[in-house]
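**Q** Chains as they are written, first to last, in the working numbering: chain A, 1 to 381; chain B, 1 to 516; chain C, 1 to 443.
Hints listed in this document are in silico derivations from the structure and should not be mistaken for laboratory results. For each residue, glycine too, the CB sits at the ideal point set by N, CA and C. Check the hints yourself; a few may be wrong.
Computed footprint of chain A on chain B; a stretch qualifies when at least three of its residues, placed anywhere within it, have a C-beta under 8 Å from a C-beta of chain A [what the hints assert, rightly or not]: (1) 71 to 78; (2) 175 to 183.
When the alpha-carbon atoms are kept at most 25 Å apart in a straight line, the in silico PhoX-like pairs for lysine-lysine are as follows [claimed, not checked]: (3) B/Lys315 to B/Lys349; (4) B/Lys334 to B/Lys315; (5) C/Lys96 to B/Lys143; (6) B/Lys61 to C/Lys96; (7) B/Lys75 to B/Lys61; (8) B/Lys315 to B/Lys329; (9) B/Lys349 to B/Lys366; (10) C/Lys370 to B/Lys143; (11) B/Lys143 to B/Lys205; (12) B/Lys315 to C/Lys370; (13) B/Lys349 to B/Lys334; (14) B/Lys75 to C/Lys322; (15) B/Lys329 to B/Lys366; (16) B/Lys334 to B/Lys366; (17) B/Lys329 to B/Lys349.
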Amino acid sequence: MNDRLDKGLSGFIRKIREAWDLQPLLVPLGAILLSFIVGGVLIAMIGVNPFEAYWALLRGMFGSWDRVAGSIARSVPFMGSALALAFAFRAGLFNIGAEGQLLVGGITAAWVGTLTFMYHTPSVIAIPIILIAGAVGGYVWGWIPGVLRARTGAHEVITTIMLNSIALFGVRWLVNSRDPQILRDLTASVPRTKAISPTAVLPTIVDSQPNLHMGLFVMIAVCIVVAFVLRRTTFGFETITVGTNPNAALYAGINVNRIIILAMALSGAFAGIAAASEVSGTNQFFQPGTFAFIGFDGIAIALLARANPIAIIPASLLWGSLLAGAPLMQLEAGVSIDVVRIIQSMVLLFVAADAIVRYVFHIRGEAGHQMESVATEEAES
Amino acid sequence: MTVVDGPVPVLDVRGVTKTFPGVIANEDIDLTLNQGEIHCLLGENGAGKSTLVNVIFGLYKPDKGTVKVRGEEVKFAGVGEAIEHGIGMVHQHFQLIPVFTVAENVILGDELTNGPFLSMNEARRRIRELEEQYGLIVDPDAKVGDLSVGEQQRVELVKALFREADILILDEPTAVLTPGEVDDFFAVVRSLVDQGKSIIFITHKLREVLAVADRITVLRNGRIAGTADPATATQQSLANLMVGRDVVFQVDKGEAHPGEVALRVEDLSVEDERSVMTVNGFSAEVRAGEIFGIAGVEGNGQRELVEAITGMRRKAGGTVEILGHNATKLTPRKIAELGTAHIPEDRNKHGLVGSYSVADNMVLNKYSQAPFARRWVRNTSAVHDEAEELVEQFDIRTPSVDVPIDTLSGGNQQKVIVARELTGDVDLLIVAQPTRGLDVGSIEYIHQQIIDRRDRGAAVLLVSAELDEILSLSDRIGVLYRGRLVGVFDGADATREELGYLMATGSTPDTEEVAS
Amino acid sequence: MTQGTPIPTRLVTDLGKDELAPRRRFGRRQIVGIVFGSIGIGLLGGIAPAITSETRAFAFEPPPDPLSLQFNPKTIVIVIGIVYLITAALSFLPAKYDRWSLIGQIVATALGIPLILAISLALSAAPETNVINLLDQSLILATPIALGAMTGLWCERSGIINIGIEGMMLGAAGVGFMTYAIMGAASSPGWLWIAILVAILAGGLLATLHAVLSIRYQINQIVSGVVINLFALGLTGFIRSEVIVPSGSSKGVPTADIALPILSKIPIIGDTLFTGRPLHFLMYLVVFLTWLVMFRTAWGLRVRSCGEKPHAAETLGINVIKIRYQAVILGGFIAGLAGAWFSMEAQAGFEDNMTNAAGFIALAAMIFGKWTPWGAFAGALLFGFARALGSRLQFLDVSIGDFGIPSEFFQMLPFLVTMIVVAGALGRAVAPAAEGQPYTPSK
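If we strip away everything but chain A, and leave its shape as in the complex, we get (with noise of 0.2 Å):
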């Protein structure tokens, strides 16, 4: 049974692993089951009934069509911040500053967005604007470390963090502040931008909680787009041989100072779309907490997709969902949305440590690959 399963399943994964690289697909659904067994042994533990929770956070995630648009809403802004990493790091860098390039777009985004001339502007260019606005804010904030990188050799996981907390506080200013007034709402009862051009709104697709807006399609492209950059163009190819190996893209002729800077900076850019999408689409006007653990998570999600711009846009769809489906987990069951984090942490853990998946559901694995590697090294020296 099992084998016949294993053979049918097999050709058809060979099949989309030539066409996208992806692990089998066995391992990450096995590595789902077995984080949902390690968080219902947690909830079991509290004196609930795990399968009473899980069938309130099922509901929770598409219990209907409204939950089911909220759940992939949730999800929109992640595939940016993912994207923001993966890309990154199939350049060889460790972008942990989604967060702070997520920041600058969206108030980029925001800031013109209420420019005057965007009220007369009709949504066919307003939107494109918006939306590029947030990506040049995002790829300014990319852009500092990736020069920074190449001309200093400052180490990126330190500048991207920094510069974090220092997008945090200048665009807690800028939208704090009342005097100077700059860009805060003065009527509003919470310190938030002014609401952006009606013209420069995505439009909602389903108004569900959160809404549902055409910011998806446009992040699904983008991430199509990427992976079309990544796999078939030059500038890809360069990309990942800086990442891969660097001495060697020298060798090749490869500019890697500018690779470098250019790949930072686009990561930003990304943050920076998705940061906009959710300024036009969702909230209409920008406000600091909106964006908090979005780029955190996002370092979760590229890594789960292994840095793979498609495999971005089912992580992203499972890891919003399970935010989404949360609440009414907690409303119904009485269990802490806590444990989606947990589930979520163990759904990363098992689909790195696919060794522990594979002997826990007899998957075969492809062990053989690397000692055989391991072998020919051996028998040259």
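Given chain A's structure and the hints, the job is docking chains B and C onto it.
**A** Below, chains B and C alone, put in the same frame as chain A:
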């Protein structure tokens, strides 16, 4: 052939077999080492010499067979136990930690302590004693990363002696030394034997075997190909035993017909990573249709010189002219576009991207040109076709062009680089250490390819640490010493002795310095 | 063959440094010199004329008995401006005076602190500020960062990247306080110390998870660190809402002040600097011991060798796997201590995500300190100082003309400074060579 009488050998290896998935590295190997002798283990790269000694040293566990030390059968669970049994090893790739001092490297794993703390003064004292006893002088407080390879080798020896090893395994110890240093090193080896040590000496250099061995065992393809007595063996007989067929020592090479100057370097200065000027006032010319070999001990600026000429490293001064263009400030890409090909010194570091397919590696220098890319979109089927053609043409052994290149053997990896670099118009070929770590068959093949290119009119700059390679290929030979050319010879007239002396001292016996 | 035939002591490749001295060129030192020069010109030409010449004071003791240092901000700005110009000039001397140039740049960097203080004070309405207090505050705020940096140091020096410091701290903070809340919030203060011990163990446990994942299963060490961070975030949130809140003791009594014997009797500084909370003092001990063990003991030498070249260590009979486990778990204990500081010393209580990126900043401090204990400690101090200064200046109401400098600017300051220092003066820091590479022993 068993030793029946006489004293018990200090080391007795019987029937050792060791396999790695897909590879039989050692098969049914017997080896004995007697007290106070030098037993040479001869074999090509990949013949299984290193595997065998790693089994003896406890790094690998044999699948079959026994190892006896002084008559007592041992099964080492790890290196620690081998060391306790008095076995010491100087590895081919030095196992030293560059950021540690000599003393720290020596005591690591066998630390001298005073209460809970390291006793560095005591360590220094003991190291100095050992150094004086065996004539291996190195400053115990120097950082290993700052030492020359010769000094690093002494540190490795001191490490083994510090652990009171009396069975010493020396794995390719002379690969990095000049002819003069090799002689000095043999003297050290002899003095070690005189003081009661027994030595397994691994090499693939025939001359050395005859100079130093008391007994010789030849390995081929993981098996014992035969044993020989140094008193009766000749280089030719050993070579045939080692390779398994008749070996021609002389490369078949016609006369050179030098043409225009293709590469002109004037007063070039280049810094290394530590801001030391390792190339310092280098000037040379290479003409079309000739092979200009650069001999020299490694670390005299070869790496920086090649990287500077090919545009990979910033130049601190001087000019480089390639095929009539001023290439001093050009990028690697621009230099390649002038008609330069470059076979780099370190294939894994620079020449290949290990996780990429053979096909992608095959176009690493031209992935962005037609037909491999249309504007900025890659044409993978063109890449695939090109790779299949070159694999065929250069006889590269690979299951397909889509497998990652790091699954190929070293020889085939190097052939991929050669295939890539020698395709298309090449007017200037820059080659660094082209045959390092390869088997004889691959070496012959690559040498032939280089000569073919010369005969088709390319200028060739050959940098190699193997003096034999330089001597057999070059039409003219320059000696690099401390970043400068200290002598240029006609390839036909140069002798090992002459070159070796110049490499070691920077001057010839009669004159102080020979200008290029 | 004679005994001990000497090898020539000087070989070809013994390249004498003096013979191959680098040519004078335009490098990092000159760039830093120009930066200082420009600041100096700015100070003398721009700030000094504009600044008030009213006297300001650094107070050393709290009122009503103020011992204070009176000074004229203008004079200080001018003096420091001149020092900066001299530093700039020094950096253009020939290479053999590099030592002097370096000293100049260190002095100039150090003078940055009084400079910032003097200018801020001159711009603020308040005539004085208490420096000792500020220093004390800096040291206290540096506690978790320094401890976290030591965690990172032990892991990375053994070759394991740890970006899960944040999670280890947070997990320890949550589990520690949970122990306190359910077991003994109401009873004797001794329970607090048991809870602190539990926090330390919790840190160790999370580190063990990191070690198993990255050493045994050889998963990407960055992924493993992210797993730890996420898991700790979820777990502690879960603990807070399911255990701590229901237990009814969400708040407790944190560790009590202690006065260090003798040291606390030192006039002026003793009362402030050497009277404080125990975990804070423990931090100094941890930093000192980290240095001592890492650089002065056999085990420390082995740990460092595993981080640099594990296969070399292996050829000397060192069990790399074991050493790495030990180092990572030790690091986890230290992170646990830092976690305890958050939930049981800075305050007694647990809030979601209360470590608030301190673990990442600790990582930055460690890289800032170029993977050395004292360097990392200095980095932690810089963050602590900048944070303390930020909150102080916020309070002092600093303004230039009519423009009140917003508090966010001061909060931003430490991050900005670190970035500039890392990019400018520090340059390429060299991480342990084998960091992040999984290690498989030979078979």
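**Q** Each hint: holds or not?
**A** How the hints compare with the structure:
no., hint, in the structure
1, 71 to 78, "violated (count 0)"
2, 175 to 183, "violated (count 0)"
3, B/Lys315 to B/Lys349, "21 Å, holds"
4, B/Lys334 to B/Lys315, "16 Å, holds"
5, C/Lys96 to B/Lys143, "22 Å, holds"
6, B/Lys61 to C/Lys96, "55 Å, violated"
7, B/Lys75 to B/Lys61, "8 Å, holds"
8, B/Lys315 to B/Lys329, "8 Å, holds"
9, B/Lys349 to B/Lys366, "19 Å, holds"
10, C/Lys370 to B/Lys143, "18 Å, holds"
11, B/Lys143 to B/Lys205, "31 Å, violated"
12, B/Lys315 to C/Lys370, "29 Å, violated"
13, B/Lys349 to B/Lys334, "21 Å, holds"
14, B/Lys75 to C/Lys322, "21 Å, holds"
15, B/Lys329 to B/Lys366, "21 Å, holds"
16, B/Lys334 to B/Lys366, "12 Å, holds"
17, B/Lys329 to B/Lys349, "23 Å, holds"
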